[in-house]
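Okay, here's what each chain looks like letter by letter:
2 protein chains.
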Amino acid sequence: MNEGQRVRRPGGRSARVVAQVHQAVTDLILERGYGHFTVGEVAARAGVADSSIYRRWGSLETLLTDVALTRLNAQSPMPDTGSLAGDLRTYAAQVAREITGSDGPAVLHLAVALSSRGQQGLQAGADLRAERTRQLQSMLDRARDRGESAPDALDVLDHILAPMYIRVLFGMVPLTPDYVDGLVDRLL
Amino acid sequence: MNEGQRVRRPGGRSARVVAQVHQAVTDLILERGYGHFTVGEVAARAGVADSSIYRRWGSLETLLTDVALTRLNAQSPMPDTGSLAGDLRTYAAQVAREITGSDGPAVLHLAVALSSRGQQGLQAGADLRAERTRQLQSMLDRARDRGESAPDALDVLDHILAPMYIRVLFGMVPLTPDYVDGLVDRLL
Numbered sequence: 286m287n288e289g290q291r292v293r294r295p296g297g298r299s300a301r302v303v304a305q306v307h308q309a310v311t312d313l314i315l316e317r318g319y320g321h322f323t324v325g326e327v328a329a330r331a332g333v334a335d336s337s338i339y340r341r342w343g344s345l346e347t348l349l350t351d352v353a354l355t356r357l358n359a360q361s362p363m364p365d366t367g368s369l370a371g372d373l374r375t376y377a378a379q380v381a382r383e384i385t386g387s388d389g390p391a392v393l394h395l396a397v398a399l400s401s402r403g404q405q406g407l408q409a410g411a412d413l414r415a416e417r418t419r420q421l422q423s424m425l426d427r428a429r430d431r432g433e434s435a436p437d438a439l440d441v442l443d444h445i446l447a448p449m450y451i452r453v454l455f456g457m458v459p460l461t462p463d464y465v466d467g468l469v470d471r472l473l
Numbered sequence: 286m287n288e289g290q291r292v293r294r295p296g297g298r299s300a301r302v303v304a305q306v307h308q309a310v311t312d313l314i315l316e317r318g319y320g321h322f323t324v325g326e327v328a329a330r331a332g333v334a335d336s337s338i339y340r341r342w343g344s345l346e347t348l349l350t351d352v353a354l355t356r357l358n359a360q361s362p363m364p365d366t367g368s369l370a371g372d373l374r375t376y377a378a379q380v381a382r383e384i385t386g387s388d389g390p391a392v393l394h395l396a397v398a399l400s401s402r403g404q405q406g407l408q409a410g411a412d413l414r415a416e417r418t419r420q421l422q423s424m425l426d427r428a429r430d431r432g433e434s435a436p437d438a439l440d441v442l443d444h445i446l447a448p449m450y451i452r453v454l455f456g457m458v459p460l461t462p463d464y465v466d467g468l469v470d471r472l473l
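First to last, the sequence lines map onto chains F and E. Counting in our numbering, the first sequence runs from 286 upward without gaps. Counting in our numbering, the second sequence runs from 286 upward without gaps.
Derived by calculation from the structure, the hints in this document are not laboratory data. Using N, Cα and C, we set each Cβ at its ideal position, and we do this for glycine too. Accuracy of the hints is not assured; some may be wrong.
Covered stretches of chain F (in silico footprint by chain E; criterion: 3 or more residues with CB under 8 Å from a CB of chain E, positions within the stretch not fixed) [to be verified]:
hint, segment
1, 330-342
2, 409-418
If we take Cβ atoms under 7 Å as the criterion, some of the chain F residues that face chain E in the derived model are [stated by the list, open to error]:
hint, residue
3, A304
4, Y450
5, I451
6, L454
7, G456
Just chain F, same shape as in the assembly:
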């Protein structure tokens, strides 16, 4: 039976395990950075068996991606301000804040690290992007439904997110509000 397809009940033992494992991963990332701990260390820290982690997530890469996505969705939810310009400015400012925060580049370094972790890592990275792209696409679709003309999701990646990501990855910070707004205005 495939654990990943089992319907999860909110609350209960299952939710507690997820919360404990996520917390353990978050702590280990803060202490050591992505890529510097094993499934066994996560399990020990969370007080669960290694096998529970493998059964639920399949691999360290998938677990890391799940944590990253949960974190992104909590800290950078897709805005709905009523206009595309407003949505994109709010979203870009959230991303800028997130990636320049105290442990901010962590998700970014994860996305980069995944691409050099073989097929499982590439798949985990693709899943992470697919989910965020799906959310971004909803924002763009809402704009089109209102009659606004909207760029493609990949244009948002290339011309708003990529410049901010690279500046942070290269240590070219801070990202000023003027700079971030400028990226949005230029794309629109």
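Using the hints, position chain E against chain F.
Okay, now just chain E, sitting in the frame of chain F:
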């Protein structure tokens, strides 16, 4: 006396040491990846004393940056085709080829790694970017001298290089010629 400011004679013992050390670094990068070897291991591989490396380069970060820049200048020299569109298209295609080659993302991963190696790493990364930006600026200045209107060097980073870098770092390859030309055309 500051070794870094000493004039280097072409040829001779000095040039041999540089060549041997560069080769050792290139081999170790291919075998292990950036960040997974020490100055001592480079010295052993190159057949020189650790102190020779520290005297000449000061730190592993500075040495890695020197190797990266030498490599970039050899493989992606700045083109001079007579038009800005031609120059930028040629340059973008070179960069795309370089970063998607067999050990291609290596320089990219170096630039990312440097930003998390403290002050010396940040400085080395800044030096690497400053040198490449200076070369890019010459290309843009030549265009302006011919009467063409040219973007800023940072716009080239944000809207041509950053999208390609992020796609490679995230494993979203290949970079098709249409995609790469499209980035240039959009900026111009």
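Results of checking the hints against the structure:
1. Requiring three or more residues with a Cβ within less than 8 Å of a Cβ of chain E, the coverage given for the segment 330-342 of chain F is violated, as only 0 such residues are present.
2. For the segment 409-418 of chain F, the stated coverage by chain E holds: 3 residues have a C-beta nearer than 8 Å to a C-beta of that chain, and at least 3 were required.
3. Taking 7 Å as the C-beta contact cut-off toward chain E, the hint placing A304 of chain F at the interface is violated, the least distance being around 28 Å.
4. Residue-level restraint check for Y450 of chain F holds (minimum Cβ-Cβ distance to chain E is 5 Å; threshold 7 Å).
5. The restraint placing I451 of chain F at the interface with chain E holds, with a minimum CB-CB distance near 4 Å, inside the 7 Å limit.
6. For L454 of chain F, the interface hint holds, the least distance from its beta-carbon to any beta-carbon of chain E being 5 Å, beneath 7 Å.
7. Taken as an interface hint, G456 of chain F checks out: its beta carbon lies about 3 Å from the nearest beta carbon of chain E, inside 7 Å.
Violated hints, in rising order: 1 and 3; the structure is consistent with all others.
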